[in-house]
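Once you've looked at the hints, dock chain B against the given chain A.
If you read the protein sequences in the order shown, they are chains A and B.
Using this note's numbering, you'd call the opening residue of the first sequence number 146 and step up by one each time.
Using this note's numbering, you'd call the opening residue of the second sequence number 79 and step up by one each time.
If you're looking for bench data, these hints aren't it; they were derived computationally from the structure.
One should not assume that every hint holds.
Computed spacing ranges between beta-carbons, pair by pair [as the list claims (entries may be wrong)]:
no., chain 1, residue 1, chain 2, residue 2, range
1, A, A196, B, P337, 19 to 27 Å
2, A, L178, B, L273, 18 to 26 Å
3, A, T298, B, L155, 52 to 60 Å
4, B, L273, A, D301, 52 to 60 Å
Below 20 Å or equal to it, Euclidean Cα-Cα: the simulated EDC-like pairs (lysine to aspartate or glutamate) are [said to hold, decoys possible]:
no., chain 1, residue 1, chain 2, residue 2
5, B, K444, A, E155
6, B, K263, A, E157
7, A, K197, B, E334
8, A, K729, A, D755
9, B, K444, A, E337
10, A, K265, A, E566
11, A, K265, A, D254
12, A, K197, B, D296
13, A, K671, A, D755
14, A, K351, A, E337
15, A, K626, A, E566
Partial list, computed: chain B residues near chain A (C-beta under 7 Å) [stated by the list, open to error]:
no., residue
16, L257
17, S261
18, G305
19, F335
The beta-carbon is built from N, C-alpha and C at its ideal position, and this holds for glycine as well.
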Amino acid sequence: MRFAELRNTEGELRAFQLRLGVAGFAVLVAFGLLLARFIWLQVLQHDAYRAKAEENRISIVPLAPARGLVLDRNGGVLARNYLAYTLEIFPAQVANLEGTINQLAEYVDIQQRDRARFRKLLQETKNAESLPIRTRLSDDEVARIAANRWRFTGVDIRARLFRQYPRGEVASHALGYIGRVTTRDQERLEEEGNAANYRGTDYIGKAGIEASYQQDLHGITGIERVEIDAAGRGIRSLSRTAAQAGSNVTLTLDIGLQEVAEQAFGERRGALVAIEPATGGVLAFVSMPGYDPNLFVDGIDPASWDALNNSPDLPLNNRAIAGVYPPGSTFKPYMALAALELGKRTPRSTIFDPGYFVFGDRRFRDSRPGGNGTVDLYKSIVMSSDTYYYMLANDLGIDAIAGFMQRFGFGARTGIDLEGEATGVLPSPEWKMARFKRPEQQRWYAGETISIGIGQGYNAYTPAQLALAMATLANDGVMYKPHLVSHIDNPRTGERHDVEPQLVRELGLRPEHVEFVKRAMAGVAKEGTSARAFAGAQYTSGGKTGTAQVVAMKQGEKYDESKVTERLRDHSLYIAFAPLESPKIALVVLVENGGFGARAAAPIARTVLDYYLLGKLPKAAARPAKVQEPPAESDAESD
Amino acid sequence: MEIAGIPLRRVRERLGEGIDGPLLAIALALTAIGMAALYSASIENAARVAAQLGNLAVALVAMWLIAQVPPQTLARLALPAYAVALALLLGVAAFGEVVNGARRWLNLGFGRFQPSEMMKIAMPLMLAWYFHRREGSILLRDFALAGLMLAVPVALVARQPDLGTALLIAAAGFYVIFLAGLSWKVLVGLAVLALAALPPLWGMLHDYQRRRILTLLDPSTDPLGSGYHIIQSTIAVGSGGIAGKGWLNGSQTHLEFIPERATDFIFAVFSEEFGLIGNLVLLALYALLIARGLAIAAQAPTLFTRLLAGSVTLIFFTYAFVNMGMVAGILPVVGVPLPFISYGGTALMTLYIGIGILMAIYRHRKLVQT
Chain A
146 MRFAELRNTE
156 GELRAFQLRL
166 GVAGFAVLVA
176 FGLLLARFIW
186 LQVLQHDAYR
196 AKAEENRISI
206 VPLAPARGLV
216 LDRNGGVLAR
226 NYLAYTLEIF
236 PAQVANLEGT
246 INQLAEYVDI
256 QQRDRARFRK
266 LLQETKNAES
276 LPIRTRLSDD
286 EVARIAANRW
296 RFTGVDIRAR
306 LFRQYPRGEV
316 ASHALGYIGR
326 VTTRDQERLE
336 EEGNAANYRG
346 TDYIGKAGIE
356 ASYQQDLHGI
366 TGIERVEIDA
376 AGRGIRSLSR
386 TAAQAGSNVT
396 LTLDIGLQEV
406 AEQAFGERRG
416 ALVAIEPATG
426 GVLAFVSMPG
436 YDPNLFVDGI
446 DPASWDALNN
456 SPDLPLNNRA
466 IAGVYPPGST
476 FKPYMALAAL
486 ELGKRTPRST
496 IFDPGYFVFG
506 DRRFRDSRPG
516 GNGTVDLYKS
526 IVMSSDTYYY
536 MLANDLGIDA
546 IAGFMQRFGF
556 GARTGIDLEG
566 EATGVLPSPE
576 WKMARFKRPE
586 QQRWYAGETI
596 SIGIGQGYNA
606 YTPAQLALAM
616 ATLANDGVMY
626 KPHLVSHIDN
636 PRTGERHDVE
646 PQLVRELGLR
656 PEHVEFVKRA
666 MAGVAKEGTS
676 ARAFAGAQYT
686 SGGKTGTAQV
696 VAMKQGEKYD
706 ESKVTERLRD
716 HSLYIAFAPL
726 ESPKIALVVL
736 VENGGFGARA
746 AAPIARTVLD
756 YYLLGKLPKA
766 AARPAKVQEP
776 PAESDAESD
Chain B
79 MEIAGIPLRR
89 VRERLGEGID
99 GPLLAIALAL
109 TAIGMAALYS
119 ASIENAARVA
129 AQLGNLAVAL
139 VAMWLIAQVP
149 PQTLARLALP
159 AYAVALALLL
169 GVAAFGEVVN
179 GARRWLNLGF
189 GRFQPSEMMK
199 IAMPLMLAWY
209 FHRREGSILL
219 RDFALAGLML
229 AVPVALVARQ
239 PDLGTALLIA
249 AAGFYVIFLA
259 GLSWKVLVGL
269 AVLALAALPP
279 LWGMLHDYQR
289 RRILTLLDPS
299 TDPLGSGYHI
309 IQSTIAVGSG
319 GIAGKGWLNG
329 SQTHLEFIPE
339 RATDFIFAVF
349 SEEFGLIGNL
359 VLLALYALLI
369 ARGLAIAAQA
379 PTLFTRLLAG
389 SVTLIFFTYA
399 FVNMGMVAGI
409 LPVVGVPLPF
419 ISYGGTALMT
429 LYIGIGILMA
439 IYRHRKLVQT
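Chain A on its own, in the form it takes in the complex:
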């Protein structure tokens, strides 16, 4: 090999060095480009990238707040929380769910209902992180799973607060229940802009107070900022804002009264709503049969769900606010008041009751064959004369009746603090026009007015409406909105929010008219249709029996209770208030298919009033109320 001789020309070297220069320049340009990029990333876009790095690094872990308690007016606990261990599966991490569950069943008791419930939850909650396969594990089971924890992926034991309703079915329709947040709940929360506060919350109120006071009971979700690595493992806690427990909700409900009322129903179906006339506070809220809200807490298993849903007794129906019934004769005191107020009758004017009322070619029968003879207004209520009110309805006309009854709240939602209230029907030509399609159906016939007078016909009201009307009358025409909640306490701040009585309207009734009707209702209990039920009462009360037809009787057909199947029997109603002079309680009792009002409903009213006014426990119910204890191995949680 020859090495560069000196003939190596200057030119060639210069050309090479020029090329080196070009290369050097290219290097500078390339480094300049890098520098520009660095400045762009690290100076100009620094804030954005710093934020992204923080986002990478920090995971916000929600801390679910403890749900508020629900208490009765005397502080008795109706809904509380307790800590228990659950066995949970993270469906996203488990390939073979069935296999994993079978494997878990070797260590803990997993029933068919647990599996069914798990499948149901899986369907209802699409993006839940984890779902319980078993709740309320015993210490033994926790230990067994913990020892074999390594065999499983996507399975964990968690300590969770569980809702418990210590009194079981008592007041179930007032309390309602909570259940797992479903996909639909999630969508609603997002619409309401509440989704953020529900991160980490698995349960939400589904019915009753639990649903309508969900916001107060829920509390404020805390957050923990946790540093995580790329695999999502938590490294350390950076900061923690504790969750704020939900507020405790105290009801106006008297749970003693509630229990007495429910026991008075026994196995019968029906509803009872008792209201404090001067405030609108609901003292008892019964819809029978009830259900055990504890069934819903961990997600109800399909078998129990089917049993509740398919029972002919419709235990999930909240009869007190969603059931509509004709008021029957309990409508008469208001009709009487309308007659006085509108000047159509005076207390002294009388009619003759032959046992029927003829309108055109139709004959309206009195429930008392042969009639009551000469009947004045007082007697019309005490003896419950149908003929008197057929005539009165005819004289008043449907427009006057509807106009007057509307003021008592008939046919309108009472505004009680529960969801799912029905409107009912206050019949009027306008209502009929809107209700029906065909012109011949839309017309109001004068004959239809007649049976409206005795609370039949199209009349259909919820027990809550009847109770509100009774309370309004007892309170001399001053109507307060019925409400179940007395006050809400924030355990954090100690703040107490009282639910003030909310005046709906003052009816402006003449005091002597109100006084007259009240006295007549007192007559019902003393010497009238409910005298037997109220025999020997140590207080004065006003009342009115009612019998609501379930099947319309054909013209001339006679209703014979023994011949009608139980489900088609008349509903038995009783409205009452007591004491007469300054009423502390107004109520409605409805016993489905209970027959004559005086027989089924009035004794229940008597029992309830005896307890509320005298503290007297009915003999059958003298045993102490059964209170369910939380499982022994868990710590009761009080807030």
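Chain B alone, transformed into the frame defined by chain A:
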């Protein structure tokens, strides 16, 4: 003081012979930065740093040995090295082992070996030697032949497929051809031709290679797949800011968001913790290294040494630019380490051999033989 009867002064003199102080200082400074970054990238794993120190010791020995070799010896090695490397590449194509879907490895019985690594050094040697041989009468024909000598191995490596290494080999060869004086007209013509060839070339790329390029244009299209590297490394760089988060304080690094933190993406670690200021220091060190290398090339006595020194220097630049550009999200993800910084014995060895070559050329700048 004496070591084994030899005065220490003599030992130091002998060891210092042929060693270029500035070049060594720059390389060691870069390596020191690499150690610091590695300690952080390995989540404060001292054993990893110790291993790299071992690699450094071996690499320094290799550098020292190469620095002692006269350039003409290197020239003599050029053809055999190229021939062996090419034969091995053909061997890989025929019976290479497939690892991770790429046929890059040759099983030698005692271990696996990537012939493409060898080609990285053999290519500039070969071309520099060839042009040196043709010196004084270099015709376009010679460039064409050089182009062929370049194209065959590049095509073989690209087919393995290993686009990153193919590009580096192509760059090394191209630098020699460029410095040898291929006329600007032809260069421009080739550039135009290359642009025209892009669409058919695109068609020849593997799916994953296309995806890498597409991902570069918009990393968010594939945030969990191939876009993840770019997204996380740009976040690391950007969140570093001007002064950086401080050594060992990079959250992207320490929470393991940066993939391949110790090797190809170590620049993201460095940049996150030392910020723009650190990047400037790094760029300055590379610029100094390149300037020193180009100066050595400019002073080199023969065409062979000039071309070799220029090519080796520009390869340092290419490594640094491609790697930093990739981490900063302006170049596609190709497996190119950051010179002197990335963890890895082979890479460090190759780099210090390059430094040794430059030193040998510098040492023999005045030796002119006939």
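The hints, checked one at a time:
Checking the proposed 19 to 27 Å range against A196 (chain A) and P337 (chain B) shows it holds: the Cβ atoms sit about 21 Å from each other. Distance hint check for L178 (chain A) and L273 (chain B): the Cβ-Cβ separation is about 19 Å, which falls inside the suggested range of 18 to 26 Å. Checked against the hint of 52 to 60 Å, the C-beta distance between T298 (chain A) and L155 (chain B) comes to roughly 57 Å, which is consistent with it. Restraint check, L273 (chain B) to D301 (chain A): a C-beta distance of roughly 58 Å satisfies the suggested window 52 to 60 Å.
Simply put, K444 (chain B) and E155 (chain A) have alpha-carbon atoms about 16 Å apart, close enough for the 20 Å limit, and the pair holds. The straight-line distance between the Cα atoms of K263 (chain B) and E157 (chain A) is roughly 18 Å, inside the 20 Å bound, and the hint therefore holds. Between K197 (chain A) and E334 (chain B), the direct Cα distance comes to roughly 15 Å. Compliance with the 20 Å bound is thereby established for this hinted pair. A threshold of 20 Å between alpha carbons decides the hint, and for K729 (chain A) with D755 (chain A) the separation of about 12 Å falls inside it, so the pair holds.
Taking the CA atoms of K444 (chain B) and E337 (chain A), the gap is about 84 Å. The hint is violated against a cut of 20 Å. With a CA separation close to 28 Å, the supplied pair K265 (chain A) and E566 (chain A) exceeds the 20 Å bound. With a C-alpha separation of about 19 Å, the suggested pair K265 (chain A) and D254 (chain A) falls inside the 20 Å cut-off, and the hint holds. Straight-line distance between C-alpha atoms of K197 (chain A) and D296 (chain B) comes to about 17 Å, which keeps the hinted pair within the 20 Å bound.
Distance check on the hinted pair: K671 (chain A) and D755 (chain A) sit about 15 Å apart at the alpha-carbon level, within 20 Å; holds. Note on K351 (chain A) and E337 (chain A): the hinted pairing holds, with a Cα-Cα distance of about 16 Å set against a maximum of 20 Å. Of the pairs offered as hints, the one joining K626 (chain A) and E566 (chain A) holds, with about 14 Å between alpha carbons and a cut-off of 20 Å not exceeded. For L257 (chain B), the shortest C-beta to C-beta distance to chain A is roughly 5 Å, which falls under 7 Å, so the interface hint holds.
Contact between S261 (chain B) and chain A, as hinted, is not supported at the beta carbon level, the nearest pair being about 10 Å apart and thus beyond 7 Å. At about 14 Å, the closest approach between the beta carbon of G305 (chain B) and any beta carbon in chain A exceeds 7 Å, and the interface hint on this residue is violated. Hint on F335 (chain B) holds. Least Cβ distance to chain A is approximately 5 Å, under the 7 Å limit.
Violated hints, listed in ascending order, are 9, 10, 17, 18; each of the other numbered hints is respected by the structure.
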